[in-house]
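Novice: Below, each chain spelled out in residue letters.
There are 2 protein chains.
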Amino acid sequence: MTDKGTLFFKNKPVIKSAFTIVGPKESQSELGKFFDICLKDDRYGESSYEKAECKMLTMSMKRLIERQKLKDSDVDAIISGDLLNQIISASFSARDFETPFLGVYNACASICEALTLGATLIDGNYAKNTVCSAVSHFATAERQYRYPLELGAIRPAQAQWTVTGAGSYLVSEHLSGYPVISSATIGRVIDFGITDVNNMGAAMAPAACSTITRHLRATNTTTSDYDLIVTGDLGALGSRLLKELAKKQGLDLEPNHVDCGELIYNIDEDEFQGGSGAGCSSVVFASYLYPMLKSKKIKKLLLVATGALLSTLSSQQGESIPGVAHAITVECSND
Amino acid sequence: MTDKGTLFFKNKPVIKSAFTIVGPKESQSELGKFFDICLKDDRYGESSYEKAECKMLTMSMKRLIERQKLKDSDVDAIISGDLLNQIISASFSARDFETPFLGVYNACASICEALTLGATLIDGNYAKNTVCSAVSHFATAERQYRYPLELGAIRPAQAQWTVTGAGSYLVSEHLSGYPVISSATIGRVIDFGITDVNNMGAAMAPAACSTITRHLRATNTTTSDYDLIVTGDLGALGSRLLKELAKKQGLDLEPNHVDCGELIYNIDEDEFQGGSGAGCSSVVFASYLYPMLKSKKIKKLLLVATGALLSTLSSQQGESIPGVAHAITVECSND
Numbered sequence: 011m012t013d014k015g016t017l018f019f020k021n022k023p024v025i026k027s028a029f030t031i032v033g034p035k036e037s038q039s040e041l042g043k044f045f046d047i048c049l050k051d052d053r054y055g056e057s058s059y060e061k062a063e064c065k066m067l068t069m070s071m072k073r074l075i076e077r078q079k080l081k082d083s084d085v086d087a088i089i090s091g092d093l094l095n096q097i098i099s100a101s102f103s104a105r106d107f108e109t110p111f112l113g114v115y116n117a118c119a120s121i122c123e124a125l126t127l128g129a130t131l132i133d134g135n136y137a138k139n140t141v142c143s144a145v146s147h148f149a150t151a152e153r154q155y156r157y158p159l160e161l162g163a164i165r166p167a168q169a170q171w172t173v174t175g176a177g178s179y180l181v182s183e184h185l186s187g188y189p190v191i192s193s194a195t196i197g198r199v200i201d202f203g204i205t206d207v208n209n210m211g212a213a214m215a216p217a218a219c220s221t222i223t224r225h226l227r228a229t230n231t232t233t234s235d236y237d238l239i240v241t242g243d244l245g246a247l248g249s250r251l252l253k254e255l256a257k258k259q260g261l262d263l264e265p266n267h268v269d270c271g272e273l274i275y276n277i278d279e280d281e282f283q284g285g286s287g288a289g290c291s292s293v294v295f296a297s298y299l300y301p302m303l304k305s306k307k308i309k310k311l312l313l314v315a316t317g318a319l320l321s322t323l324s325s326q327q328g329e330s331i332p333g334v335a336h337a338i339t340v341e342c343s344n345d
Numbered sequence: 011m012t013d014k015g016t017l018f019f020k021n022k023p024v025i026k027s028a029f030t031i032v033g034p035k036e037s038q039s040e041l042g043k044f045f046d047i048c049l050k051d052d053r054y055g056e057s058s059y060e061k062a063e064c065k066m067l068t069m070s071m072k073r074l075i076e077r078q079k080l081k082d083s084d085v086d087a088i089i090s091g092d093l094l095n096q097i098i099s100a101s102f103s104a105r106d107f108e109t110p111f112l113g114v115y116n117a118c119a120s121i122c123e124a125l126t127l128g129a130t131l132i133d134g135n136y137a138k139n140t141v142c143s144a145v146s147h148f149a150t151a152e153r154q155y156r157y158p159l160e161l162g163a164i165r166p167a168q169a170q171w172t173v174t175g176a177g178s179y180l181v182s183e184h185l186s187g188y189p190v191i192s193s194a195t196i197g198r199v200i201d202f203g204i205t206d207v208n209n210m211g212a213a214m215a216p217a218a219c220s221t222i223t224r225h226l227r228a229t230n231t232t233t234s235d236y237d238l239i240v241t242g243d244l245g246a247l248g249s250r251l252l253k254e255l256a257k258k259q260g261l262d263l264e265p266n267h268v269d270c271g272e273l274i275y276n277i278d279e280d281e282f283q284g285g286s287g288a289g290c291s292s293v294v295f296a297s298y299l300y301p302m303l304k305s306k307k308i309k310k311l312l313l314v315a316t317g318a319l320l321s322t323l324s325s326q327q328g329e330s331i332p333g334v335a336h337a338i339t340v341e342c343s344n345d
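If you're matching them up, the sequences are chains Z and D in order.
Counting from 11, one number per residue, gives the positions in the first sequence under the working numbering.
Counting from 11, one number per residue, gives the positions in the second sequence under the working numbering.
Just chain Z, same shape as in the assembly:
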């Protein structure tokens, strides 16, 4: 049986540029110096956190497009997602552009879904430029999924901290010198029966393991072919679980695995297990890892954004939390 769902991009679509905007907490982390815009006010001058989240996404896409001296009518499609009900951040952002819009939702795996679809449109000659983006905001996620901040609820030890950040990418036709998206594996939905809504890392680790295993097999590569294998937001606990699960499959992820959720915060206070959210892998890859590929400090990287599939209602109705993970290989251009 050949495994389905791995796409090979022969025409070498590139990530031509990336742009990030983050909140005050993210600005103060060790990655702080890599972000394009660091907000001092996590309301971004808006009357609600939801409007601030939308504005972060809009501005990250506008600045990305402007920096490339493009107009929004030059972009074939915006492919974007977020965590809010009915992905209102992505939807409302898109109305500020003269650009066709595809809304995606695979929770925190949305950025790799967007990049996969963007690369597909470019590689198949359906488009010349696509903007792929994702956003999340700590305050909107807490209000929607858990409790409004005003309630001062205590966070359990296994909890993660939703990243306030927007990351946008311009995926374009091949151009020498830019990092190439060479292949992608679309994730399966994997359910290990986790029901703890504060333990997303455990819910997503099996999906990450499944997608990494499938991607390596389909592309005929091993873990050592990659400088880094980067998961989205498993956090410290989820990353440990992933490495254990991978070990059982005969894969040693110890030498080159990093997790964006572990990278983004100095884990010394309330975020406990590290960062999470649709913006987590999106801003960490865009600001910190993508430039390493561009400058050829690293040559090949597997980005595996991870998502937990649930709603408040599904948890109230006793459903477990399945996970999904999408992977893309990004490598230095050879030409």
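No lab work stands behind these hints: they were computed from the structure.
Just to be clear, a hint being listed does not mean it is correct.
Same chains, same label: a pair holds when it works inside one copy or across any pair of copies.
[Stated by the list, open to error] SDA-like cross-link-like pairs, simulated, lysine to any residue; straight-line CA separation at most 25 Å:
1) 138 x 282
2) 258 x 106
3) 81 x 227
4) 258 x 107
Once you've looked at the hints, dock chain D against the given chain Z.
Specialist: For chain D alone, kept in the frame of chain Z given last:
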């Protein structure tokens, strides 16, 4: 300026099969005899309407795949969406399949987004079979967007009735004799400032007009080149608005426009303006229009699924309701 966002499918991907499941009310409409499964119980034997919605989607995809004598591991990707927060129906359905999953959300335009992406994956030789699907349920939509049914709230005259139904499509490599998806136009997000959450037709009509105009221009066709121009769920009022808007653009839609929301119900009781929901265009096209293309009763059709982009929170925060519409041309195979 060339208009972006229209995709041409040179390899003629086909819709090989379709499968529909609908609720009791839809079963009793004039289209009732065309649906594959008509439920007598809109809970489908489940403990909640949300679980029933998920089961409808799952069963429609399972039966679709079985009917083609495929296994779910033969399918390259499920591309699916629904209206519930975090698209839990699509997400939870996908865990019952060994198939990679891409979650999409563009409200009631999701089925055309899914079909566009499915056709792209097939046309570009990234996949051989994709399942594209969408679902909605009257009771879950009322509970989430308006009031739980138990409250017995009065519905205003401009309201529509969310279709209880799941429609799934198998989009595959070209095969002689099957209807071909020949092109698609990705919609822009258009906001006319409508704020009445009971008047989705008005919110979506400008987006439908924009997408139809763009699609005709990009494909160098006129309205008379299509046997039917089919909108998703504008309803009676929205359809009138669309025709007025189109007239101002010099387009006469009177002769060949139909709306799935107007087709699905005998408009004689509570549904007022007709059907709506992600399942509306999905089940009407799959059950009633697709067979007409297959039997060559009609030759060429433009399907324009329409979506209203809002959440309860966005409306509470005073946001207007932008719309989006995606269009696909489906035509009889010439070979």
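Novice: Now, for every hint given, state plainly whether the structure supports it.
Specialist: Hint-by-hint comparison with the structure:
Neither within a single protomer nor between protomers do residue 138 and residue 282 lie at most 25 Å apart by alpha-carbon distance, with minima of 42 Å and 44 Å respectively. Taking CA atoms no more than 25 Å apart as the test, residue 258 paired with residue 106 passes between copies only; the shortest distance there is 24 Å, against 48 Å inside one copy. With identical chains, the CA atoms of residue 81 and residue 227 are at most 25 Å apart between copies only, with a shortest distance of 21 Å across copies and 40 Å within one. Within a single copy, residue 258 and residue 107 get their C-alpha atoms only as close as 47 Å, which misses the 25 Å cut-off; across copies the closest is 23 Å, which meets it.
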